Amino acid sequence: QIEAEGGKEIVLTGINLAAWGASNTRNAKESRFTELLEAILEQTTIPRIRISSLDPQYLDDRFFELMNNPRFCPHFHLSIQSFSDTVLKLMNRAYNNKKLDEVLKKLRNLNRPDAELVSIGADLISGFPGETEADFQITCEAVQKYRITKLHAFPFSDHHKAERIPASSLPDQVPNEIRKSRNRKLIEIGDLVRDAFVAQNYGRKLQVLIEENKNGKAKGWTQNYLQIFLPGSYERGSLVEVIVDEKNCVF
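Reading the sequence shown from the start, the letters are residues 1 to 251 in the working numbering.
Hint data in this document are derived by calculation from the structure and do not stem from the laboratory. Computed from a prediction, not measured in an experiment: that's the story for all the values here. Among these hints, one or two may not hold up.
Keeping only pairs whose Cα atoms sit at most 30 Å apart, straight-line, the calculated BS3-like set for lysine-lysine is [to be verified]:
1) 105 x 29
2) 105 x 89
3) 99 x 89
4) 180 x 89
5) 106 x 185
6) 185 x 247
7) 145 x 105
8) 99 x 150
9) 29 x 89
10) 217 x 150
11) 247 x 150
All chains should be modelled from the sequences, with the hints used to inform the complete structure.
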């Protein structure tokens, strides 16, 4: 239907998206997510396919092969939470640092012309119960090493919708002020990585999908999720080639 209406981009989204087709979220090998991606490629001609948040344990070799297709936007968001094996185990996550290293290196080395402009976002939590300063440093260093260009960073909270969560009963609770200070530091590191990534795009010709026109300017998004503002008015939903610079780019 989106294609029939002239849509230029679709966004695949959902809870545990990459577990699509599995009997439950713990059975990563049962995932048929790549079959879904193959079907979209074969049965549509929509030029831009964007994939939202992914859990690393479901991403196999076939997934990375498919991501070499330029119809997939070079923009990925991973639900990571921490790069420390100790913390990941406390969180009961179904992957470890080794798996994260494998996934991120493959995303950073895709065989496509725009590989160097791939944007990688991540969810990260600071101050989870049991997280030591050494654990936190592992995460900080990983953000720089893998060039995590857009952070969703939050201090651990022991409440959700006014109810205490199971992790609030774990030992070695991190004091609230330390949670917040670690999170501030993580955001500062993320901002430096982001700024370097944005500058890397300056002078490049990228396609912008126009989202809206307002106050004499058009707003849209590049394939790698840079927000672009252009003077004038453009057809909503159209793709426009733009030379990215510091005046028109927001990230």
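Checked hints:
For the hint linking residue 105 to residue 29, the alpha-carbon distance of about 21 Å falls within 30 Å, and the restraint holds. Proximity of residue 105 to residue 89 is assessed by CA-CA distance (about 22 Å); at most 30 Å being required, the pair is judged to hold. Restraint check for residue 99 and residue 89: satisfied, since their Cα atoms lie roughly 13 Å apart, inside the 30 Å limit. Distance restraint check for residue 180 and residue 89: the Cα-Cα separation of roughly 22 Å lies within the 30 Å cut-off, and the hinted pair is therefore satisfied.
Annotation: proposed proximity of residue 106 to residue 185 holds, straight-line Cα distance about 27 Å (limit 30 Å). Between residue 185 and residue 247 the CA atoms are separated by roughly 28 Å; this keeps the pair inside 30 Å, and the hint holds. Among the hinted pairs, residue 145 with residue 105 is consistent with the structure: their alpha-carbon atoms are about 10 Å apart, no more than 30 Å. Taking the CA atoms of residue 99 and residue 150, the gap is about 20 Å. The hint holds against a cut of 30 Å.
Between the alpha carbons of residue 29 and residue 89 the distance comes to roughly 20 Å, so the proposed pair stays at or under 30 Å and holds. Only pairs whose Cα atoms come within 30 Å are accepted, and residue 217 paired with residue 150 is accepted, the gap being roughly 25 Å. The suggested pairing of residue 247 with residue 150 holds, with an alpha-carbon distance near 20 Å, which does not exceed 30 Å.
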